[in-house]
Structure formats: C-alpha cells, structure tokens
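**Q** Chain order of the listed sequences is A and B.
Following this note's numbering, the numbering of the first sequence begins with 35 at its first residue and continues without gaps.
Following this note's numbering, the numbering of the second sequence begins with -2 at its first residue and continues without gaps.
Because the hints were derived from the structure by calculation, they are not lab data.
Please read these numbers as outputs of a predicted model, since none were measured by experiment.
You may find that some hints are simply not true.
Per label pair, the in silico range of CB-to-CB distance [to be verified]:
1) B:Q245 <-> A:N141: 33 to 39 Å
2) B:Q245 <-> A:A152: 52 to 58 Å
3) B:D163 <-> A:Q121: 20 to 26 Å
4) B:E188 <-> A:K109: 29 to 35 Å
5) A:K93 <-> B:L230: 48 to 54 Å
6) A:K109 <-> B:F199: 52 to 58 Å
7) A:K153 <-> B:S197: 30 to 36 Å
8) B:F199 <-> A:G132: 20 to 26 Å
Which residues of chain B face chain A? A few of them, derived with a C-beta cut under 7 Å, are [unchecked claim]:
9) T212
10) W216
11) E219
12) G241
13) S243
14) N244
15) K366
16) E370
17) Y373
18) D376
19) V379
C-beta: ideal position from N, C-alpha, C; glycine also.
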Amino acid sequence: MNKKVLIVEDDTVLANALNLSLKDKDYDISLATDGKEASEMIAKIKPDLILLDLLLPVKNGFEVLREMRSNEETKNIPVVILTNFEQETSIEEGMKLGAKDYIVKANIEINDVPEVVAKYI
Amino acid sequence: MPIVVYMVISLTYISFSDRWLATVVSDEDTYVRLQTYKGWVFVLATALLLYVMISRMVRSLTEEIENNYNQKQKLEAVLRGMGEGVFVTDKNGRIVMVNSEMEKLFGYREDELVGRVYNEKLRFVSEKTGNKIFDISSTRFGKGMVKKSDEPALLIRKDGKKVPVDGVEAPYVDSACNILGGVGIFRDVTEERSLSKLKSDFVSLAGHQLRSPLTGIKWFVELLLEGKKVIPLDEMVDYIGKIGKSNQRLIELVNDLLSVNRIESSKLSELARGTSVSLKHLIAESVLETSMLMTEKRIKIGGVEDIDDKLRIMGDETQLIQAFMNVINNAVKYSPEGGEVEIVVRRKRNKVTVIVSDCGVGIPKRQIKKVFEKFYRADNVVKSTSGSGLGLYVVKSIIEAHKGAVRIESVEGEGTKVYVELPIMYNKK
C-alpha cells in the first residue's frame, strides 16, 4: 500500500507545484487548503507524513499541529513545516511542537521536495 | 603680600619708633606718655587694617556663596524643568533630587526617593531577557563611566507596571575630577517602540506575502527546467499560466504596498484639503478603472448616472479615486459572474454617503471588523480569489483623512454593502 502524504497549503499555485513534484512517486497525495480541513483530514486519513504551511485560513498551522499532538492516534505522525514565514520564534515553536524540519518555501527547490519527503516518511 | 608689608612696617615701627621718640623728647614723663599713645596708635592702626581686610573677605565670600547658590538654583531649575525624567545621586548612589517627569515615570514622589540608594526603588530590566540593568550605578559612577542603555530597557513603576524607556546615566565630577555623584536621564519610549514593532511586523508580513508568489514562480520555473523528462505541451502551458498568475499577484501586491507606503508617508490630512471635486466624477472614474474586470465577469454596475452632479467633495482626487476604486473593485471581484453591483448616494445635511452593494460571497460576521486591518483577508475568499489584504486598509486611511468614515454590512453568502461617508465641502447650486 502506498504511503500517504498530506499537503496542507492554502496557496493553490504552490499546492499544485508540490503535488506535481511528488506525482511520479508512489505516494497517495491529499490536499487540505485551510487549517480546519487539515485537522479533519489528519484524523480521517492518518497520513504517513504532513507537509504543513503555517499561515492558513480558519486555523493556523501551529493550532493544527498542537491539536494532532494531543490526539493519541495522530500524535506520532511526522510533520515537516513548509512555510514562507521565517521568524526565530516560529521556528522555535515549530521544533518544540515536534516538527521534523522547518523549511522556508522560497529557499527550497521544488525538485528537492521528494527527497525531503523520502527522508521523513 | 599685604601681610608682609604690615610685618615690615610693624617691625620698623616697633624697633625704631622708641629711639626716634628719645631723640625728640628729653622729658621722662612726656616720653612715657607719648610711648603709651604710640602703642595705642599701633593697636588702632592694626585693628583698622584687620577690619578692612575682614570686611573685604566677608564681602567676597558672600558674593561667592550667592553666585554658587544662584548657579545651583539655575541648574536645579533646568533639571527640574527638563522634559525627560532626571534623578541625581551623591557619590554613594543616594538620591538627592528627582524631577517631576521622573516622578511621573516611576510613580514615586520625590520625598519617597530622596535619601534612598538609587537601585532600592528605581529598577530597570532588559525588555528581552528580563534581567536587571542600570543596576550598579554607584560602581559605574565610581569608575567614572557613562552608561547608555544598549538594549531596550523597561523601568518598573511603583505599581509594578513596566514602561519602555531609553536613557543614560553618567557621573558628574568636580574640577579636580573627583566623582561627586551621578545623573540619570530617562524618557518614556512606549510610542516609539510600538511604532518600531508595527514597522517590523509590517516588513515581516509584507515579506511573507511577497515570498508566496515569488515561490510560485520559482517552483514552476524549476519544474519546467527539470530536464529529466519531456513535458507535454498542455502541461507546459499550464505551468506557464501558473507563473503568469503568480507574477500578476506579485504586481498587484507591490502596487498595493506602494499605495500603503504613499499613504503612510504623506500627510494625507494636508492632501485632503486639496480641491473641490465632483462626487459623480470620482465614482465614474473609479468604475472606469474597474471596467476590465467588469467586462471579464460580465458584471453590470447601476446607479452612477443617478448621482447628483452638484455634489462636491473637498479633497485629493487621486486618493479619493483610489479609495472608491478599491471598494468597487472588491464588489466586482467577489460577485458571481453576471452579477450586479449597485451604487447609491444619500445626502444628509452636510454629509454624503456612498453605498456600494453587491450580491457576492459576503464576509463572515466575526471577520467584518478585521477586514480593515493590513493584510487581513476573510477566510471565505482567501483561497478562491487573489488579493493582498491591503485594499480596505487603504480605503479606510484615505476616507478617514478626508474626515469621513467607512463601515461594512455583510451577510456571508448573500452580499456586502460598503458605506463610505464623506463631508460635503461645497454644494454648487
């Protein structure tokens, strides 16, 4: 069975690019475009890896992360924060909440995303 | 010198006056009597001399004391009248004076502080670490060092509240460079610090907003240039379309940022005095600016023709068109294809209200107030339509600078009404 990757990204252009970069790999890819949808999908599909944006409509990425960490069933799912929000405090907060990595979208090549996914899945 | 002259004259007088008297007086009784008179003359002359000298000294000392006192008074008046908080300590760090600004800053009265060691009551901490700073005044004063706050400092008031301050403490010395005590000068920088935070938050948010479309462009260019595989033409067109979309977003965002910058750096209230412009002209121009999007979405705008030609607003034409254009553009953008936007103008006494209504997606109730904040976009549109979240902030700034007001009524899923109220400065009959 294919591993499941959940992309949480509200920017449709970026979500599309992430999806394209992973489409040739053997992953089942799902997309959530706001924080509420992300929480629902995490609970429902229990992905093997989450690529999580932070500035999201309805509920921000930290809230999603905190919520899934408090749930026994989802607390161990590896999360890679993929955001353009780059503040020391948010990096600290992300790592404190157990994110595997904190990657700034503008600093990563899209073709390197599969490598990141393979590393943490 | 006068003492030496006095000694020489006295010795000469004492040593030779008796001999001289003996040469001019032969009678024993007369000689003794004259000798007594001579002695009294000497004592009186000495007393007179002493009196003159002491009076002069007293006068000069009095003048000096008065001068010092006046100088001290002046200095104290200057320190007390300063717009910044000042305290003065002796060389042991005991407070000897506190001005009224300092009393206000700390919340202590001068009599609660005078005589106390400086850091017993006046406490400062670092805003970043919470560690005590400016805490060793006597030692610093002892070393003759000037200490400026090199990190953002907070002072702790009597009531426990923390106030952001900026300041300096320095020793004061006498002419022989002996340290006599210290002076601390501090001022409340609450406003400066909050402005600086606003600015840095703005830069951080603007940076994030700019990065998103830039990342979109970067990623799709990278996908196109990957080179490992042949990309089908339709996919390639799709990628280029995404690059174009991101690029368009970037242009809109930069335009909005420039508008915000223009608004924040110009004195809008001065612009608002501008010239008298026709309200109908302002709205017609704003509609014209939106016509591309209107045609694209087949949206009709009604009510412009009905606006009274005579209504005039005093203000800056370019800024007002920008404000109305943002409102009308939003109405068109968030309306369904083929929808209608209605513009109604109501006049009440010396005010006019322009109501722009649409039947679009509306705004969630709890977010209506927030849409005027910089970069804020309502949850129900953030995914479906592009935008910087600056448009209504710009509208509010411009309208308020023209002594007007803007408010919104909206029902999510049903539509939005934006009320722009402006004073009528001139009504040509």
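**Q** Confirm or reject each hint.
**A** Quick rundown of the hints versus the structure:
1. Checked against the hint of 33 to 39 Å, the C-beta distance between B:Q245 and A:N141 comes to roughly 23 Å, which is inconsistent with it.
2. Look at B:Q245 against A:A152: about 34 Å separates their beta carbons, and that is not inside 52 to 58 Å.
3. Taking the beta carbon of each, B:D163 and A:Q121 are about 25 Å apart, inside 20 to 26 Å as hinted.
4. Separated by about 45 Å at the C-beta atoms, B:E188 and A:K109 break the suggested range of 29 to 35 Å.
5. For the pair A:K93 and B:L230, the supplied restraint of 48 to 54 Å is violated, since their beta-carbon distance comes to about 40 Å.
6. The hint said 52 to 58 Å for the Cβ distance between A:K109 and B:F199, and at roughly 36 Å that hint is violated.
7. Taking the beta carbon of each, A:K153 and B:S197 are about 34 Å apart, inside 30 to 36 Å as hinted.
8. Range check, B:F199 to A:G132: about 31 Å between beta-carbon atoms, so the 20 to 26 Å window is missed.
9. Residue-level restraint check for B:T212 holds (minimum Cβ-Cβ distance to chain A is 5 Å; threshold 7 Å).
10. For B:W216, the interface hint holds, since its Cβ comes within 7 Å of a Cβ in chain A; the closest pair sits about 4 Å apart.
11. For B:E219, the suggested interface contact is upheld, since its CB lies about 5 Å from the closest CB of chain A, less than 7 Å.
12. The interface hint given for B:G241 is violated, since its Cβ lies 10 Å from the closest Cβ of chain A, which is over the 7 Å cut-off.
13. Because the closest C-beta pair between B:S243 and chain A is about 5 Å apart, less than 7 Å, the hint holds.
14. The criterion of a C-beta within 7 Å of any C-beta in chain A is not met by B:N244, whose closest approach is roughly 10 Å, and the hint is violated.
15. Here the hint on B:K366 is broken, as its CB sits about 17 Å from the closest CB of chain A, past 7 Å.
16. The criterion of a C-beta within 7 Å of any C-beta in chain A is not met by B:E370, whose closest approach is roughly 14 Å, and the hint is violated.
17. Violation of the interface hint for B:Y373 is found here, the shortest Cβ-Cβ separation to chain A being roughly 11 Å, above the 7 Å cut-off.
18. For B:D376, the suggested interface contact is upheld, since its CB lies about 4 Å from the closest CB of chain A, less than 7 Å.
19. Annotation: interface hint on B:V379 holds; nearest CB of chain A at approximately 5 Å, less than 7 Å.
Going down the numbered hints, you'll see the structure goes against 1, 2, 4, 5, 6, 8, 12, 14, 15, 16 and 17, while the others check out.
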